[in-house]
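Asks: Please model the complete structure; the sequences and the hints are all you need to start from.
Number of protein chains: 2
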Amino acid sequence: MTEDWKKRAEVKRDAILAAIPKEWRIENPPNEKQVDVTGKFVQQFLSEREVEITETTADDIAKHTVSGTWKAEEVTRAFCHRAALAHQLTNCLHEIFFDAAIADAKALDEYYAKNKKPMGPLHGLPVSLKDQFHVKGVETTMGYVGWIGTFEGKTGTGKEKKFESEMVKELRNSGAVLYCKTSVPHSLMTGETVNNIIGYTWNPKNRNLASGGSSGGEGALIGLRGAPVGFGTDIGGSIRIPAAFNGLYGIRPSTGRMPYEGMANSMDGQNTILSVVGPLATSVPSLRLVMKALLAQKPWLHDPLVHEIPWRHEEERQILEHTGAIGDASKIGKLSFGVLRSDGIVNPLPPVCRAVDTVVKALEALGHEAIPWEPPSHKTLLDEGIKTWFFDGGTDLKSAFALSGEPMAEQISFYSSPSLKEFTASQIAATNVRLREIKKEYMEYWNSTAEKTSTGRPVDALIAPLAPFPAARPKMYSYYGYSTFVNVLDYTSVVVPVTMVDKWVDRRDEGYRPIDDTDKKVYESYDPEIYDGAHVSVQLVGRRLQEEKMLAIAEYVGKALGM
Amino acid sequence: MTEDWKKRAEVKRDAILAAIPKEWRIENPPNEKQVDVTGKFVQQFLSEREVEITETTADDIAKHTVSGTWKAEEVTRAFCHRAALAHQLTNCLHEIFFDAAIADAKALDEYYAKNKKPMGPLHGLPVSLKDQFHVKGVETTMGYVGWIGTFEGKTGTGKEKKFESEMVKELRNSGAVLYCKTSVPHSLMTGETVNNIIGYTWNPKNRNLASGGSSGGEGALIGLRGAPVGFGTDIGGSIRIPAAFNGLYGIRPSTGRMPYEGMANSMDGQNTILSVVGPLATSVPSLRLVMKALLAQKPWLHDPLVHEIPWRHEEERQILEHTGAIGDASKIGKLSFGVLRSDGIVNPLPPVCRAVDTVVKALEALGHEAIPWEPPSHKTLLDEGIKTWFFDGGTDLKSAFALSGEPMAEQISFYSSPSLKEFTASQIAATNVRLREIKKEYMEYWNSTAEKTSTGRPVDALIAPLAPFPAARPKMYSYYGYSTFVNVLDYTSVVVPVTMVDKWVDRRDEGYRPIDDTDKKVYESYDPEIYDGAHVSVQLVGRRLQEEKMLAIAEYVGKALGM
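Taken in sequence, the protein lines are chains P and C.
Heads up, the first sequence is in the UniProt record's numbering, so the first residue is 1 and it goes up one at a time.
Heads up, the second sequence is in the UniProt record's numbering, so the first residue is 1 and it goes up one at a time.
If you are wondering where the hints come from, they were derived from the structure by calculation, not from laboratory data.
Just to be clear, a hint being listed does not mean it is correct.
Chain copies aren't distinguished; within one or between two, either way the pair holds.
[As the list claims (entries may be wrong)] Computed list of lysine-lysine pairs in DSSO-like fashion (alpha-carbon distance at most 30 Å, straight line):
id, residue 1, residue 2
1, 521, 334
2, 379, 159
3, 520, 40
4, 387, 421
5, 421, 398
6, 292, 503
7, 387, 7
8, 298, 6
9, 334, 114
10, 440, 159
11, 40, 387
12, 559, 12
13, 421, 559
14, 161, 440
15, 361, 298
16, 63, 106
17, 169, 421
18, 7, 298
19, 379, 6
20, 40, 71
21, 559, 334
Replies: Written out as structure tokens, the structure reads:
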């Protein structure tokens, strides 16, 4: 068996590559020879028209396809081509089904020709999916060798290559075209994307760095414009990390807003901190477009965990109507922000500090205000919250690895510790109570900021790092506190790209005195030479179920930054 | 210690009685001498004006107090008096704080006089609370002797008699007057209300029977009109059972609609099936009034588990605007109902069958339709759901009883079994996954009814028994499936009173062939002589988070029944 898994992984890896048409095959230069494969590098393999299509945002593509000025088939072919290049350059795909996609696109064009109207608001829009979604015709391996040829590790279920996740149906109903599934780290429990099938997913903007995780394939693919919009999942940062590392917008909605029904998962049934599903894209209107389209499908009628909350235009109206007038805070209404410069556990690296400053200054220049964020202890919150990832003592993951005998990646070796034990019901209950208390305390802190703002309202959003580094270097992702505190609180968070690392500006402080060993490890991972050119992002955190408002604010902030 | 608990219980029991002014003390005739203590019996101890006030529904009282035509103090005094009588006749109170209530009422009257406006939509309205709410100045024992003089069993917390639950604050902000806390069964895990402090809470309409549980004090108190509206909680039927047994309306909202923050509970932290809080009252507009008032306080800003869903008039508008025209289904729009006559596990007793028929006939006569409800197996659903009550193997309850050494009531003796073991995290996760699958299957069954209705829509609500019996006889509550399936699904359910047992009509079927021993036990508990005159109710079950719509339908059905 030990050698068997290597062979099975190789066969699968080859099958993925083999699904790319010969004419789209390229020579992939070594990472060190071609660190940045975005922009001009990838464009050389594409026609002008393909570049035009693939560098259009999802919302603008939809305007063309919905109005019929662009054909679904042409758009789909362009993205299939670019996704094929992206995979060859970064290892970002687990499943390729271009033929099915082109057939679907043709059917959409025929539908349009016949009915003189689009199938739905996503008519003809290619959408990529993390390899947790089940799509008919292809597998879901989630990076596990033992899942190859199975349905979530089981055989003979009758669901293999047939069953579709709820959101997949809803995307199809809305007219979206599905064409590929993207890479994940096996287990989903790390911010780097690595598994024994496709290897390591690289950051296309800087191939010294991780594309992020666990939705790292989405990050790399959309970062290279191999998809205009795609869906990831997030239990500790897994949508936002790849969004941030790849210069994208990405939203972690609160639990119960978007349909997770029928997706594969790790440690399914742990229901203290739930993984959520949400989109990544190159613009905020793209995120809004797909979320609105999905909510228009009334997912609460098909997913028992989705709340009946349709898209609430009222929550975004005031900000959206005045985003054009970014010079005039009096129109949009003055906004108040909290600023978290450090959580006191690990300090962000110089480029991240600069990104936070950049956002604050841009907003202040427009007449808004930012006050220091002095919340209840993040350490307490994180210590309690992270317990949930270990409730089952690694039982679920170990059984997935045992299916094939493949080894765990070093990045998740903490799950192989023999000292891990299953929590008892009483221990889980105590954690749940403590987490509810922590949420209550944090919520009341948020309320209390009304006393510190000049608006008399609590802050509208929190500006915070998403990770201590712009992106992680391989095997150096050692601290998750900045992304994970949001999951513990179940808040809404949108990643906003801010700048890029400039080795001449973002220098190391050689006199830096680390807080402790964890902080030291992070600081020591920073090398301006290696990081030069990497994307730097922040997150804007809102209260629970504030998706409309937070997207509006993120769009406004993006415009303020000129992004 | 063994004898000590008896003494502590007696002291507390006496203190409750002692809080009733001497002039309100009465002689309580033996149950068998005076089976029904409602109506004329209790009225004999009240003035005409007191009867007028206390027999007005909460929504009509609020109209008077909000417009200033009735004074808060007069209303409060009347309800204090009647609550004092109710306690003496049924043992329905754990805490009495009439003096504080009268002082609060006077302050409200002064506020009104000074500001020429009410404090809020509940200005001057007395509201009773189940003894899980913390209210300053009084204890919360939840029926545990070991909790007397503590905060949830702990001493030195600084919260004793000071801390208030979130909803208590919101009720006060809305102008409500709090004056008593009502009895519960220790553990909260039974449909009868019994504990070692106050003994047994009797059904005022028929003192052969239970007032229900676990919000049994609420049921008895409101049943006797000692409160116009009050709040209970429900994890397996605990709001609806006392509502049904006492001829009241009561709603079990879905999880996340009403604020539970800061309340005492059993097995706190079990978060697979959550207990929810909701009102019981003598009319639907009374339930609506308090729910709307609470949502107007934006509880999602103070309770991390409440969803931001304000009252949605749109969901009730069409039905409400035409409830006057109940003869005309074309105006209200034809409604479709599912009818569950039996869950196949235990058959409802004759009066309950008659109540279900009565509702169906009344609706059909008005032009609506009812189709048989043939859902996925309730047995499977219940077997899985009820596991959640045993996740901790009784650890929490045993520790509460151990505080004083008091014995568990026979009604919950299943928790003292030495064979109970704590579930592991993996076992809990497997249960959570299975329950999600069960919910999904049930939801799709509901969707599928669109193919069977004449409206082309899925059914608007399900008509179902709330319990197999009109009320339980002491120690004979042996089956909870009719109430509990709603909690497992997290659906909205409103209890509607329908009729009363008539021993001449609701006869035993001496040839009845029971399904099995459980069914036999229930059937054998039915004795028309004992049950004569008892309330008989049904529940109207709606999908998750359908509170507005379900209240509108319940009000409509109530009018159709002439209740």
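Asks: Next step is simple, just say for each hint if it's right about the structure.
Replies: Quick rundown of the hints versus the structure:
no., hint, verdict
1, 521 with 334, "neither (40 Å within a copy, 67 Å between copies)"
2, 379 with 159, "between (43 Å within a copy, 25 Å between copies)"
3, 520 with 40, "neither (37 Å within a copy, 79 Å between copies)"
4, 387 with 421, "both (11 Å within a copy, 22 Å between copies)"
5, 421 with 398, "both (13 Å within a copy, 25 Å between copies)"
6, 292 with 503, "neither (40 Å within a copy, 57 Å between copies)"
7, 387 with 7, "neither (36 Å within a copy, 43 Å between copies)"
8, 298 with 6, "neither (43 Å within a copy, 56 Å between copies)"
9, 334 with 114, "neither (49 Å within a copy, 35 Å between copies)"
10, 440 with 159, "between (42 Å within a copy, 16 Å between copies)"
11, 40 with 387, "neither (45 Å within a copy, 59 Å between copies)"
12, 559 with 12, "neither (43 Å within a copy, 65 Å between copies)"
13, 421 with 559, "neither (49 Å within a copy, 58 Å between copies)"
14, 161 with 440, "between (44 Å within a copy, 21 Å between copies)"
15, 361 with 298, "neither (40 Å within a copy, 33 Å between copies)"
16, 63 with 106, "within (18 Å within a copy, 63 Å between copies)"
17, 169 with 421, "neither (39 Å within a copy, 41 Å between copies)"
18, 7 with 298, "neither (44 Å within a copy, 58 Å between copies)"
19, 379 with 6, "neither (40 Å within a copy, 45 Å between copies)"
20, 40 with 71, "within (26 Å within a copy, 79 Å between copies)"
21, 559 with 334, "within (16 Å within a copy, 50 Å between copies)"
Against the hints set out earlier in the document, violations occur for numbers 1, 3, 6, 7, 8, 9, 11, 12, 13, 15, 17, 18, 19.
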